[in-house]
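Asks: Chains D and B, in that order, are what the protein sequence lines are. For the first sequence, the working numbering gives the first residue as 14, with consecutive numbering after it. For the second sequence, the working numbering gives the first residue as 2, with consecutive numbering after it.
Treat the hints as calculated values from the structure; they're not laboratory data. Treat the numbers as computed from the prediction; the structure is a model and nothing was measured. Mixed in with the good hints, there may be bad ones.
[To be verified] Listed below are several chain D residues computed to face chain B (Cβ distance under 10 Å; list not exhaustive):
no. : residue
1   : R40
2   : E55
3   : R117
Using N, Cα and C, we set each Cβ at its ideal position, and we do this for glycine too.
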Amino acid sequence: MAARIRVARPTKIELARLKRRLKLATRIQKIIKDRLSILVMEFLQTVRESADVKERLQKEYDDAYKALSLSLGYHGYAPVEQTLMISEMPFSLHAATRNVAGVRLPTFQMEENREAAHAVSPAENSSLLEYTSDMARKCLSTTVELAELQSALELLGDEINKVKRINNALEYVVIPGLDITIKYLSMKFEERDREEVARLKYVKLLIEKREAYAY
Amino acid sequence: MPIDQGQDDVIARYLGSELSSVNAQLPKKRKTLSQLLREEHPRVSCLDGSEHFFRIDELRHLASILDDHEREELMLPMIIEVHSGRSDMLVRSRRGDEEQGVEAKVFAEVLDMPVSVEKTGVRIYRSQLGAMRRALKTTTQYVFTL
Chain D
14 MAARIRVARP
24 TKIELARLKR
34 RLKLATRIQK
44 IIKDRLSILV
54 MEFLQTVRES
64 ADVKERLQKE
74 YDDAYKALSL
84 SLGYHGYAPV
94 EQTLMISEMP
104 FSLHAATRNV
114 AGVRLPTFQM
124 EENREAAHAV
134 SPAENSSLLE
144 YTSDMARKCL
154 STTVELAELQ
164 SALELLGDEI
174 NKVKRINNAL
184 EYVVIPGLDI
194 TIKYLSMKFE
204 ERDREEVARL
214 KYVKLLIEKR
224 EAYAY
Chain B
2 MPIDQGQDDV
12 IARYLGSELS
22 SVNAQLPKKR
32 KTLSQLLREE
42 HPRVSCLDGS
52 EHFFRIDELR
62 HLASILDDHE
72 REELMLPMII
82 EVHSGRSDML
92 VRSRRGDEEQ
102 GVEAKVFAEV
112 LDMPVSVEKT
122 GVRIYRSQLG
132 AMRRALKTTT
142 QYVFTL
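All chains, full assembly: derive it from the sequences and hints.
Replies: Here it is in structure tokens:
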């Protein structure tokens, strides 16, 4: 996009103001570029983590379903359902935010209340059921972990887009616009100076001529 | 006994001119590790009005690295200074050259390699940043400087 010259008043004060603004815009663009690189790094790291957690979750669900089908096969549907109905593991999910380079990302913390739990115990049930219950619990905590990473990914992606747009606006519109306006004003003032010098020379010549005629 | 940390000039340094708006996510006041460990939901308030929470398992991991005296000394979140146009970053310490062992100790332990300690703080390179952020997601924060 071609930069446009925007100048309200072609004065030296305006030129000084534009130079100050250009300096500030350049400084801000530097900071924004840094922020962008940090955000991209965090995004890529979250992508990698998210892929790992997804893989782990897939494996855990596989194991949990295998354990559940084994339990069902061994004990039968009704006893397993009865055991699952009476067993419970109360947990609390604490949702909060953390800040990454100005982006508020969610953070979930799952806390299990083992004291208040009526979990499947090996004394009353088979170890197979206990294993199934453990696997299900693992799946739940990994799902929470994945939810945190997925929402972080979305928020970081949005912020990267926003920062990229700001960076592009500064790089391709604001800074070139200021640059070209400063150049235009500088040329105009130089031209004015040159005209002034030529005018003074002409006046000097006229005065000299007048003085010569006077004699 | 808690050590008197004085005024937190590390944060005050980053809030000049236009940098204040870029660094609005900084905490109003940092807390020591032992202070945070005593809280049920450890957090600090930020300058933009939001709250930054710390993961308890991360705090416990830090506590396992440090002794009691160092837990009183470590201010959280640790602030990673990002300089424009430079590939390395700095984690400033409020202590003098000979006393800034806490941050250096934490990073050396997390990265499993010695870190370069300078007069102004601990220097971190971009290649190390990923590993460090993975381990210390909530206990570190970025700040942008020129």
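Asks: Each hint needs a verdict: does it hold in this structure or not?
Replies: Hints versus structure:
Taken as an interface hint, R40/D checks out: its beta carbon lies about 6 Å from the nearest beta carbon of chain B, inside 10 Å. Interface restraint check for E55/D: the shortest CB-CB distance to chain B comes to about 7 Å, inside 10 Å, so the restraint holds. Checking R117/D against chain B: minimum C-beta separation of about 6 Å stays under 10 Å; hint holds.
Consistency with the previously given hints is maintained throughout, with no hint failing.
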